[in-house]
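Colleague: Sequence:
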Amino acid sequence: MTTALAEHHETWLEQSKKTYPQVEELDIVIGLTYGTDRTTNNKDNQILAKLLDHGFVEEHRERCPGVLIDSKTQTIRVYRRIGQEFWAFIGNPCESTSATFVFLEILLGLAKALDIVVETGPLEDRVNTKIQQLAIALSQLQFPRNSLPAWVREKFSEKELFWFATAMSAFFDEGI
Numbered sequence: 001m002t003t004a005l006a007e008h009h010e011t012w013l014e015q016s017k018k019t020y021p022q023v024e025e026l027d028i029v030i031g032l033t034y035g036t037d038r039t040t041n042n043k044d045n046q047i048l049a050k051l052l053d054h055g056f057v058e059e060h061r062e063r064c065p066g067v068l069i070d071s072k073t074q075t076i077r078v079y080r081r082i083g084q085e086f087w088a089f090i091g092n093p094c095e096s097t098s099a100t101f102v103f104l105e106i107l108l109g110l111a112k113a114l115d116i117v118v119e120t121g122p123l124e125d126r127v128n129t130k131i132q133q134l135a136i137a138l139s140q141l142q143f144p145r146n147s148l149p150a151w152v153r154e155k156f157s158e159k160e161l162f163w164f165a166t167a168m169s170a171f172f173d174e175g176i
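Just so we're aligned, residue 1 is where the sequence shown starts under this note's numbering, counting upward by one.
Honestly, the hints are just simulated from the structure, not real lab data. Among the hints, erroneous ones may be present.
Label pairs and their calculated CB-CB ranges [to be verified]:
id, residue 1, residue 2, range
1, Asp37, Thr2, 16 to 22 Å
2, Asp53, Leu148, 48 to 54 Å
3, Gly109, Ser147, 17 to 23 Å
In silico DSBU-like cross-links for lysine-lysine, where the CA-CA straight-line distance does not exceed 35 Å [as the list claims (entries may be wrong)]:
id, residue 1, residue 2
4, Lys130, Lys112
5, Lys50, Lys18
6, Lys130, Lys159
7, Lys112, Lys155
8, Lys43, Lys130
9, Lys112, Lys159
10, Lys43, Lys17
11, Lys43, Lys18
12, Lys72, Lys43
13, Lys155, Lys130
14, Lys72, Lys130
15, Lys112, Lys72
16, Lys43, Lys159
Every residue, glycine too, gets a C-beta built ideally from N, C-alpha and C.
With the hints as constraints, model all of the structure from the sequences given.
Modeller: Set out below in C-alpha cells:
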C-alpha cells in the first residue's frame, strides 16, 4: 500500500480533477474496518511513517496529529480512520460526527448476511457456530431486559442478534 500511495497519489489527484473539475485537493484515508486505537496492529501507522520517506510531511503535529500532506503541492492528505470513526467517515465524509452510528447499520447487515451463510454452510461451520454461541453465553454477554428497541426485536432473529453482539464487541474492545 505504501508503494501504491507513494507512486500514484499525484495521478489520483489529476484523474480526480479531470473527472470532477471542482476538485482541488485529495484526501486519502487508510481505513481499518474494526478495532480501536488500542487494538490496532499499527500497520496503518507504519504506512504513514514510510510515506515520510516518499514526499510526505506532517501537516501540523499539534493541530492535525497523524495527518500527512504531500510536500510538493500540499494538496494531497493521507490519514487513518479506525473502527467506528472509519464507518462514520464512510457514512458522511464531510461531517463524520453526524454519522457516529453507521457502524451499527453495517453490523446489522452483516448479522443478517451471516445468518443466511451459516444456515446454508457446511456442517462444520454450523457446529462451530453453535460452539461460539455457547462460549459467548458462558462469558455472560447479555442485553439487559427490554434494552433493545421494538423494531430490532421484530426484525432480527436471536441468531442475528448474536452475530450483532459478537461483532459489536470488536468496536468496544479497548484492551486490558
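Colleague: Does the Cβ-Cβ separation between Asp53 and Leu148 fall within 48 to 54 Å?
Modeller: At 50 Å between Cβs, range holds.
Colleague: Taken at face value, is the distance from the CA of Lys130 to the CA of Lys155 at most 35 Å?
Modeller: OK: Lys155 and Lys130 at ~22 Å, within 35 Å.
Colleague: Does the alpha-carbon distance linking Lys50 and Lys18 stay inside the 35 Å limit?
Modeller: holds (29 Å)
Colleague: With respect to the beta-carbon atoms only, verify the hint that Asp37 and Thr2 lie 16 to 22 Å apart.
Modeller: holds (21 Å)
Colleague: Taking 35 Å as the top limit, are the C-alpha atoms of Lys72 and Lys130 close enough?
Modeller: violated (55 Å)
Colleague: Is the straight-line distance between the alpha-carbon of Lys112 and that of Lys159 35 Å or less?
Modeller: The hint holds at about 9 Å.
Colleague: Given the hint that Lys112 pairs with Lys72, does the C-alpha gap stay at or below 35 Å?
Modeller: violated (47 Å)
Colleague: Verify the proposed pairing of Lys130 with Lys159, using a straight-line Cα cut of 35 Å.
Modeller: Within the cut-off at roughly 10 Å; holds.
Colleague: Check whether the Cα positions of Lys43 and Lys17 lie no farther apart than 35 Å.
Modeller: holds (30 Å)
Colleague: Measure nothing beyond the straight line between the CA atoms of Lys72 and Lys43; if it is 35 Å or shorter, mark the hint as holding.
Modeller: Distance of about 25 Å is within 35 Å: holds.
Colleague: The hint says 17 to 23 Å between Gly109 and Ser147; measuring C-beta to C-beta, is that right?
Modeller: Cβ of Gly109 to Cβ of Ser147: about 21 Å, so the range 17 to 23 Å holds.
Colleague: Is the hinted pair Lys43 and Lys159 satisfied, with a Cα-Cα distance of at most 35 Å?
Modeller: holds (33 Å)
In summary, the structure is inconsistent with hints 14 and 15 from the numbered list given earlier, while agreeing with the others.
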